[in-house]
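*Asks:* Chain by chain, the residues run as shown.
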Amino acid sequence: MSSSGGHDERRRAGMKSATAAGSHDVHRAPSRERAEPSAAFARYVEQEIEMLLRVARTLTGSWPDAEDLVQDTLVRAYRGISGFDGAHPRAWLLTILRNTNVNSRRRRRPDLLDGDGELDRHRPAFGATVAPSPEQTVTDRVLGDELQGAVDALDDRFRVVLLLIDVDDLTCREVADVLGIPVGTVLSRLSRARERIRVHMRTNPRAGRS
Amino acid sequence: MMVHPSRMWTCHWARRCVHRYLDADGSLPLTDREIRRLEAHLAICARCARTAEDYRRLRRALAEWSQRRAPDPAMVERMHATVRALVAGDAG
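From first to last, the protein sequence lines are chains Y and X. Residue numbering for the first sequence follows this note's numbering, starting at 1 and increasing by one per position. Residue numbering for the second sequence follows this note's numbering, starting at 1001 and increasing by one per position.
In short, the hints are calculated from the structure, not lab data. Just so it is clear, the structure is predicted and the values come from calculations on it, not from any experiment. Just so you know, not all the hints are guaranteed correct.
To be verified - Facing chain Y, according to a computed beta carbon distance under 8 Å, are these residues of chain X, among others:
{"hint": "1", "residue": "His-1012"}
{"hint": "2", "residue": "Ala-1024"}
{"hint": "3", "residue": "Asp-1054"}
{"hint": "4", "residue": "Tyr-1055"}
{"hint": "5", "residue": "Arg-1056"}
{"hint": "6", "residue": "Arg-1059"}
{"hint": "7", "residue": "Ala-1061"}
{"hint": "8", "residue": "Trp-1065"}
Here a beta-carbon is modelled for each residue, glycine too, at the ideal position from N, C-alpha and C.
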């Protein structure tokens, strides 16, 4: 799966600014102090990249947007590494991801109202911009349209919590971090989402068989 | 069939706890006492046991989605390249 040319361009631009940010820090800190945060950054982040992409995909609804979001998150995390105490790196990264996503949506929102052309280019939530692979098509069929339909029919607030926990495998506390809501609210939304799907499965027994 | 109020209260409590029980979420663990109490209730309450089994099936089905929603390896590699570029920029 590859992203569009526009995204490639933005990605290159992001890389450039990321390198520039790094170069700026080089002039500020002595070499030994510089090396340690860099090593720590790589150590904290490398193992969480796939998780960040999955979560970003759930939050944004598309892989190209997820890639942009994670790219920006990595740059912000890198800039903030010196202020991070090393405790709970996953929670730290998820919080940065959340803030980056909120800022990004805030920036984008007015653009969506700029004429019909922009609206035409807007991707629907969960809309696939790339055709599914044959393997994915088979998997989709096996999982059943009913379950997919039931998940899609959930209110956004419930669906996102359900997907973050049951598909992206985050804990409730991690979901609380990434959504900026209390853990109790996460549990309540999870419970309601599962109950709605459960009722759907009861009335459509084929759903959920896999 | 009349259900004793204390049993109804236990069912209500069980429904609230069952997600944390099935998820074994390390960030919100049930106590040993809560687990024993919940398992004892599921052993005697067919309705709650059926609900718990439904939730198990749902979790299994959604866990399968994790595979088809895995990011493209090329995208993951691009993110690793970003990390390397950031670190390399710092090392100068």
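*Asks:* Next step is simple, just say for each hint if it's right about the structure.
*Replies:* Against the structure, the hints:
1. A least Cβ separation of about 12 Å between His-1012(X) and chain Y goes past the 8 Å threshold, and the interface hint is therefore violated.
2. Of the supplied interface hints, the one on Ala-1024(X) is violated, with its beta-carbon coming no nearer than about 10 Å to a beta-carbon of chain Y, more than 8 Å.
3. The beta carbon of Asp-1054(X) comes within 5 Å of a beta carbon in chain Y, closer than 8 Å, and the hint placing it at the interface holds.
4. Checking Tyr-1055(X) against chain Y: minimum C-beta separation of about 6 Å stays under 8 Å; hint holds.
5. Contact between Arg-1056(X) and chain Y, as hinted, is not supported at the beta carbon level, the nearest pair being about 10 Å apart and thus beyond 8 Å.
6. Taking 8 Å as the C-beta cut-off, the interface hint given for Arg-1059(X) holds, the closest approach to chain Y being about 6 Å.
7. A distance limit of 8 Å between C-beta atoms decides the matter here; for Ala-1061(X) the minimum to chain Y is near 4 Å, and the interface restraint holds.
8. The beta carbon of Trp-1065(X) comes within 5 Å of a beta carbon in chain Y, closer than 8 Å, and the hint placing it at the interface holds.
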